[in-house]
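Undergrad: Take a look at the letters that make up each chain.
Protein chains: 4
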Amino acid sequence: MKRIAVLTTGGDSPGMNAAIRTVVRYGIYNKLEVWGVFRGWWGLINEELKIFDHRSVSGIVNQGGTILKTARCPEFKTEEGMMRAYNTLKKYNIDGIIIIGGEGSFTAGSEFYKRYKVPCIGISASIDNDVNGIEMTFGVDTALNTALDALDKIRDTATSMERIFVVEVMGKESGFIALNVALAGGCEEVIIPERSYNFEAICHDIVEGNLRGKVSWIIVVAEGAGSAEEIAKKIHEITDLETRAVILGHIQRGGRPTALSRRLAILFAKEAVNCLLEGQTCKAIGLTRGEIVRVDFETAIQKKIWDVEGLYKMVKVLT
Amino acid sequence: MKRIAVLTTGGDSPGMNAAIRTVVRYGIYNKLEVWGVFRGWWGLINEELKIFDHRSVSGIVNQGGTILKTARCPEFKTEEGMMRAYNTLKKYNIDGIIIIGGEGSFTAGSEFYKRYKVPCIGISASIDNDVNGIEMTFGVDTALNTALDALDKIRDTATSMERIFVVEVMGKESGFIALNVALAGGCEEVIIPERSYNFEAICHDIVEGNLRGKVSWIIVVAEGAGSAEEIAKKIHEITDLETRAVILGHIQRGGRPTALSRRLAILFAKEAVNCLLEGQTCKAIGLTRGEIVRVDFETAIQKKIWDVEGLYKMVKVLT
Amino acid sequence: MKRIAVLTTGGDSPGMNAAIRTVVRYGIYNKLEVWGVFRGWWGLINEELKIFDHRSVSGIVNQGGTILKTARCPEFKTEEGMMRAYNTLKKYNIDGIIIIGGEGSFTAGSEFYKRYKVPCIGISASIDNDVNGIEMTFGVDTALNTALDALDKIRDTATSMERIFVVEVMGKESGFIALNVALAGGCEEVIIPERSYNFEAICHDIVEGNLRGKVSWIIVVAEGAGSAEEIAKKIHEITDLETRAVILGHIQRGGRPTALSRRLAILFAKEAVNCLLEGQTCKAIGLTRGEIVRVDFETAIQKKIWDVEGLYKMVKVLT
Amino acid sequence: MKRIAVLTTGGDSPGMNAAIRTVVRYGIYNKLEVWGVFRGWWGLINEELKIFDHRSVSGIVNQGGTILKTARCPEFKTEEGMMRAYNTLKKYNIDGIIIIGGEGSFTAGSEFYKRYKVPCIGISASIDNDVNGIEMTFGVDTALNTALDALDKIRDTATSMERIFVVEVMGKESGFIALNVALAGGCEEVIIPERSYNFEAICHDIVEGNLRGKVSWIIVVAEGAGSAEEIAKKIHEITDLETRAVILGHIQRGGRPTALSRRLAILFAKEAVNCLLEGQTCKAIGLTRGEIVRVDFETAIQKKIWDVEGLYKMVKVLT
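Residue numbers (our numbering), protein chains in the order written: chain W, 85 to 403; chain F, 85 to 403; chain U, 85 to 403; chain D, 85 to 403.
No lab work stands behind these hints, which were simulated from the structure alone. Heads up, a few of these hints could be off.
In this list, chains with the same sequence are indistinguishable; a pair is considered to hold if it fits within one copy or across any two.
[What the hints assert, rightly or not] Derived BS3-like pairs: lysine-lysine, alpha-carbon spacing no greater than 30 Å straight-line:
| no. | residue 1 | residue 2 |
| --- | --- | --- |
| 1 | Lys256 | Lys318 |
| 2 | Lys318 | Lys400 |
| 3 | Lys174 | Lys388 |
| 4 | Lys174 | Lys317 |
| 5 | Lys174 | Lys397 |
| 6 | Lys317 | Lys397 |
Bound-form chain W, shown alone:
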């Protein structure tokens, strides 16, 4: 292993720059030559890459986004696309690649390895925290804090104006952000893809609470479990109480990474370089049981199952 490439794929995630910096500097420390590939797989296919030295990654450890850019790349799903990517690697004598991304990126990496046998290690970066076998990806802590900060602000208005708010947070297939911010934000209800919900029961609770004098509610909904707009509209129709929808959207992706997001990004990246040095391939790096772990891509791309009942019950007990 003499020359490696690093790329960021999928949606950006806070801490990607801290991870890139570590791959580059820890790679160089281990006598590797490190190439930065721009716009994910697209850059491999289109030969957009550059050798990185120590100074190429100065001043980025605390920056959101990714200096390598990221892009969707349908072409990489074709045989033609993968072959062109492989040709680039061969041309530059690159012996291994590190992908910083989520579950979709690991699927692509897996397919690519099957065909061309270029060792490939993944760093779990998703803000949805949806990589199977891994308890925590690096970006999710920042997204949680951004969403929580927004909830704290909305709470000011919910309390002052005595209104019901339905707040949509990120999470297409995972209620991780929704459940955690509902718990930490003292929210009254949370709707997530992992569990069905009884809309009538929620409205009943609200009406009953209202009779007892409880006049402000925050209901958090994961984007994959419903639309805040529609839920707000339906609650208003049934309860006749003033209800507002807020969709937090893309603010949850950006921003300076938190201490934990940076720490994990750095330690995952170190482990990824070590994996390549040890001759491994098709491993996703993440945090599980407080340890940095390596999980086979095969496992990582399965649907993640996790127990939501304990946290959900606490949300309800505490409000």
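Following the hints, position chains F, U and D against chain W.
TA: The following block gives chains F, U and D in isolation, referenced to the frame of chain W:
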């Protein structure tokens, strides 16, 4: 003037608590008895008020929202409603009222004074900054910083994923927030109610920029000038470039007030108490030309006209 | 177990209010009567306590500090003091106590249990993260982010003015905060109580770096490992380069708890109530290997040993 | 006027990058060639400068610090130094310079103009807000918010532990930051260079308050009016109450500029370019009475006198 009442009306605005605290403590310092009225005009009509002492307002100077709550009150627009409010004031021997709110609140205060001659002073609290004759209300600085912080985060993704973002900020009749955050956030375009825009020209700019290699754009739109969702959709249809909409919504109302919001809230509140002590009525307090000023309600409730061209031109020159 | 008391002791830690809220509400949910004791042990001795209901803890989940207050209490170290505390518990028929605090609080709780056999459970709240057997207390994540945010700001000046900064962070016996913020902040050097350092080598590095053109440095020092003022002075004397000291101090204790601090505070508090319900005593609750764990007070109050070399090496490799 | 230079001098101030970006882009828009000079006057003397184009200032509008760096330059105070600086300007055919800095920078610019008649315009950037004739420089709003955020955090501990805190903020000759954060932070006392204080009276207030049950105090002190450490020590000696000192220090310089700091930086920079285009010289640009103003260097470098009594009285009335 021996007994005064203070109430918050309309949407909540960061700094309301700092203003309430000042009315109470500066009022007491001036030998006034200060009554806090809950839920705006509704509380006057329904006799929900309480005498406040020095400790009633402890620990709130840095809190968002309003401890007095706020509510819409259609009943106050009726003669019956106003009479009941007046009866409450008479019953409690209250000699003057301070309203913390926006342009709508001053209209109501004005009507009320015409009928019942209870001196009434307004403190400009709107986050839309839409009080005529006043350059700055107290809440707008916090809203600006919240919106700007969100834009900075969105910029991370816009740059990393090379996308177009249309970001909707508050401002039903005013482009104040939109224009200022577009300028301070380095945004490429801004759409506000105060000036018409040429949609084709914007799309043309984007396409032309794209040919030169400019791949990320942020377009800020004031809610009163259009819908981010629709604008994003139309841009995508015309340019075929990936475009996303973000609606910042209610996060712009809450949160800890900034240094400037607190300073203005405090100084406006002091001036409001002084007005009542001097026997004045129907004045809105705000900041103009760097000074705390008193503007007649009659003027304050007119449509605010301000020059947007200078700032708009700078937004365009700088990107 | 019918009646329990909760108190906060030692320095305040962000998340204490989230923990109090959980003890109260989860306690009530489990049919317990919950008493809040003010000012730690002092409140037990002086009979300053109050029954708490669901609403006593409204609106505090996101507040720093502790609504129960905290105080040093040398009197509790005497037999007389402990007896008076016990008498209060007897008088109020309190069957168990939950202490939210750090290692010192668990020592006191342990002594008290030996004498009076009142079950006593501790929730690890220290921002120094110095509870043995526990990888993470609940407050430390907020302290880390506050310190990191300060470092990011100092970096702006260090880079612009090309200066050396020595930044002192919390940690009397632990380099946890220092090491983690140095890693996440991209700092050049870190001095901690757990490892000796070679002052001449550091100055040599600085001078050598300076010759290569590296003109700004940030050296993080844990308060228990040295004084920023003195280290800055010595560096200036030896290298003749402009060097400044910054002592972050108490800002690291306060502030809104982060998502992780709140999550841990809530889950620790739930576990503490469960412990009492199960008839346990003298356990400190914390996070280890990603799990909520119970550690005997005896273990918890030992000096914490943890491996700092791996993280320290990464700090050096990455700069 | 065809070619201008821009430099940053003195301590860095949040918004400097927004100002540089505006000078460059608004300059280019006005057909000027703009040169960036590194490390202030030092860069002029040592010929460290570079032509800047539109892209040279991309992505910096929200960054703290200054991409042009800044440095003290004693050499510029000598005739020799000024001559070398002038020679550089002549060599590069530069017709005018824009200095972003504080009062010291304007003195230097004034001296330089007297000798070499190169038009020179200053942009007021000091975080101390100590430019005479100007009510607000651009960096001070960010410094105020950073200091206020720190005070809010310290308040959590002051209230929880019932302690006295003495907090030292920036301001060598000006109490602007101290007075404003004391007012906005709800602090009990403030000590500033502009007014003498009676130490015995302060201690008397504390003791008397303590007897009434007031147990936490925050005293803000401007660095030019005393040392937090010494004041804390003396208060403890006299009152025997637990007192802690916190020195906020350099965190007040850095960080992302607030909305207002960016707005002012941009508008000041535009005005500075306009001044040069109009053939003016020796003007400091700032905000007064809500307007962008031009003040003669001669006036700007006088000692600033402003009325502190009104704000000071409000601090005392409100606590």
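Undergrad: State for each hint whether it applies.
TA: So, going through the hints one by one against the coordinates:
1. Lys256 to Lys318: Answer is both; intra-copy 21 Å and inter-copy 25 Å each pass.
2. Lys318 to Lys400: within (21 Å within a copy, 42 Å between copies)
3. Lys174 to Lys388: Neither, since 35 Å and 50 Å both go past 30 Å.
4. Lys174 to Lys317: Neither: 56 Å inside a copy, 41 Å across copies.
5. Lys174 to Lys397: Answer is neither: 54 Å inside a copy and 33 Å across each miss the 30 Å cutoff.
6. Lys317 to Lys397: Only inside one copy: Lys317 and Lys397 sit 26 Å apart there, 40 Å across copies, limit 30 Å.
Hint violations for this structure: numbers 3, 4 and 5, all remaining hints satisfied.
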